[in-house]
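Colleague: Grab the two chains, each in its own frame, and use the hints to assemble them into the complex.
Residue numbers (my numbering), protein chains in the order written: chain X, 1 to 154; chain E, 155 to 261.
Everything labelled a hint here was simulated from the structure, so no lab data went into it. Possibly wrong hints are sitting among the right ones.
Capping the alpha-carbon separation at 25 Å, the derived lysine to any residue pairs in SDA-like fashion look like this [to be verified]:
| hint | chain 1 | residue 1 | chain 2 | residue 2 |
| --- | --- | --- | --- | --- |
| 1 | E | Lys243 | X | Gly104 |
| 2 | E | Lys257 | E | Thr235 |
| 3 | X | Lys84 | X | Leu146 |
| 4 | X | Lys54 | X | Gln33 |
| 5 | X | Lys109 | E | Lys166 |
| 6 | X | Lys72 | X | Arg106 |
| 7 | X | Lys52 | E | Glu171 |
| 8 | E | Lys166 | X | Pro76 |
| 9 | X | Lys54 | E | Ser203 |
| 10 | X | Lys72 | E | Gly170 |
| 11 | X | Lys52 | X | Thr145 |
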Amino acid sequence: MLDKLFGARPTRRIFLAGAASLMIVRPAAATPQAMAAAIRQVAGEAEIKPGKIKLDLPPLVENGNSVATTVKVESPMTATDYVKAIHISTEKNPQPNVISVKLGPRSGKAEFQTRIRLADTQQVVAICEMSDGTFWSDKVDVILTLSACLEDPV
Amino acid sequence: MAARTLVNVPPKAKRGEVIQIRTLISHAMENGFRHDNMGKPIPRDIITSFVCSYNGETIFDATLHPAVSANPFLTFHTVATESGTIDFKWIGDNGFSQEASAKITVE
Numbered sequence: 001m002l003d004k005l006f007g008a009r010p011t012r013r014i015f016l017a018g019a020a021s022l023m024i025v026r027p028a029a030a031t032p033q034a035m036a037a038a039i040r041q042v043a044g045e046a047e048i049k050p051g052k053i054k055l056d057l058p059p060l061v062e063n064g065n066s067v068a069t070t071v072k073v074e075s076p077m078t079a080t081d082y083v084k085a086i087h088i089s090t091e092k093n094p095q096p097n098v099i100s101v102k103l104g105p106r107s108g109k110a111e112f113q114t115r116i117r118l119a120d121t122q123q124v125v126a127i128c129e130m131s132d133g134t135f136w137s138d139k140v141d142v143i144l145t146l147s148a149c150l151e152d153p154v
Numbered sequence: 155m156a157a158r159t160l161v162n163v164p165p166k167a168k169r170g171e172v173i174q175i176r177t178l179i180s181h182a183m184e185n186g187f188r189h190d191n192m193g194k195p196i197p198r199d200i201i202t203s204f205v206c207s208y209n210g211e212t213i214f215d216a217t218l219h220p221a222v223s224a225n226p227f228l229t230f231h232t233v234a235t236e237s238g239t240i241d242f243k244w245i246g247d248n249g250f251s252q253e254a255s256a257k258i259t260v261e
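The shape of chain E in the complex, shown without the other chains (with noise of 0.2 Å):
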C-alpha cells in the first residue's frame, strides 16, 4: 500500500543557505506491543529506516524504532549546494518501501 507523503522543501535558496527539511509520512507504526480485542498480540509494523539524499549524496540517515509516533514526522536541515533534486526514502517491515522527492534551484 502506498503511503502519503509530505514533504517541504524550499523551491529556492541561496548557495550556501541553511535549508530546513520537514517530511512526513502516514504509517500507523505499529510497535508490536499491543494486543487486539481478542487479546492476541499484534505484530511489528513500523518503517525503520529513512534516508534522505541530496543529487545522490546522503545528507540524512535516521533509524526509527517503535517508540517513534504514528505518521512520522522529521525536520532537519542542510546547506544549499547546488541545483537539483532531493531524494526521500523511506523502508520499513514487511517490505515497505516509499520515495518521494523535490526540485530546489540554487542562485
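Chain X extracted, bound-state conformation (with noise of 0.2 Å):
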C-alpha cells in the first residue's frame, strides 16, 4: 500500500526529513535574568519594593495579541513629589522591554492605559520610578491561551 503511494517504502531518511520540516525555529526568548538585567538597566543599583504601584492585567488572557495593561502608582504628583517613569518588563516575551513612560507632575495622575503582547503565560513587572530617586514594582501572573509574537501571518 504505501510502495504504491510513494513509490518505494519510506526510509528513515524521508522520515527524517519530514519531521525536520515540522519542526518550527523560534527565535530565543527572554529569560527571567534578561528581565532582571532589563530592569537594572533602568533603576540601576538602586533597591526596587514592592508597592505604591499597582498593574492590572486580566489573570487569564484568551489572546496575548492584545492585553489591555493598566498601571496606576500612588502618588500625589505635585512639583516636589511625582512619578518620573514607569517601565513594564516580561519575563518570556522575545524582548523583555514593553513600555516605558515619562511622566511628570503636569500629568496629574500617575495612570496609563495601553495593549500590549505576550507570547507566554508568564509574570509580567511593571517598576516606577519616583521623584525621590526610589523603586517600586508590582508583579502580576498571567496564564496565556493564544500567545502573541512568535505566530505567522496565514
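Modeller: So, in C-alpha cells, the structure goes:
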C-alpha cells in the first residue's frame, strides 16, 4: 500500500526530513535573567521595593495579541513628589521590555493604559521611578491560551 | 503612508482639572520575530516613540517596544492649565512619523 503511494518504502531519511520540516525555528525567548537585566538597566543599583504601583492585567488571557493593561501609582503628583517613569517588562517575551513612559508633575494622575502582546504564560512586572529616586514594583502572573509575537501570518 | 489617528481630548475643562487623553493610531507594529510563507523573516516595523505636548511642553513621553499591540492605544492624564493645543507625535521605524493635535478650552 505504502509502496503504491510513495513509489518506494518510506526510508529513515524521508522520515527524518519530514520530522525536521515540522519543527518550527523560534527565536530565543527572553528569560527571567534577561528581564532582571533589563530592570537593572532602568533602576541601576537602586533597591526596588514592592508597593505603591498597581499593575492591572487580566489573570487569564485568551489572546496574547492584545492584552489591556493599566498601571496606577499612588502619588500626589505635585512639583516635589511625582512619578518620573513607569516601565513594563515581561519574563518570556522575545524581548523583556514592553513600554516605558515618562511622566511629570503635569500629568496630574500617575496612571496610563495600553494594550500589550504576551508570548507565553508568564509574569509581567511594572516598575515606577519616583522623583525622590526610589523604585517600586508590582508583579502579575498571567495565564495565556493563545500566544502573540511568534505566530506567522497565514 | 499616513496612518489614521484618533485622539480624544475633552474640548472643555475647568482650570486645574485632571483630564484623560486617549490616543489610537493605525499601525501594524510588525515585531520582527515573524516569518512569511517562504520562511523569510519579516523585518521589524514598529512605532518606537510617542510624545504628547501641551502648548509646547512635553507632558507624556512613551518608548514603545515590539511587545506593544498593533494599533497602539494609550490613555494618560494631564492637568488642564490653560487653553491651547495638545500635540501628539508618533515616530517609528523606516522614517515613520505622524502628528495630530487637539484644541482645549480651559475656563
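Colleague: Give a verdict on every hint.
Modeller: Okay, the hints, checked on the actual structure:
no. : hint                  : result
1   : E:Lys243 <-> X:Gly104 : holds (18 Å)
2   : E:Lys257 <-> E:Thr235 : holds (13 Å)
3   : X:Lys84 <-> X:Leu146  : violated (34 Å)
4   : X:Lys54 <-> X:Gln33   : holds (23 Å)
5   : X:Lys109 <-> E:Lys166 : holds (18 Å)
6   : X:Lys72 <-> X:Arg106  : holds (16 Å)
7   : X:Lys52 <-> E:Glu171  : holds (23 Å)
8   : E:Lys166 <-> X:Pro76  : holds (24 Å)
9   : X:Lys54 <-> E:Ser203  : holds (24 Å)
10  : X:Lys72 <-> E:Gly170  : holds (20 Å)
11  : X:Lys52 <-> X:Thr145  : violated (30 Å)
Hints 3, 11 from the list above are not met by this structure, while the remaining hints are.
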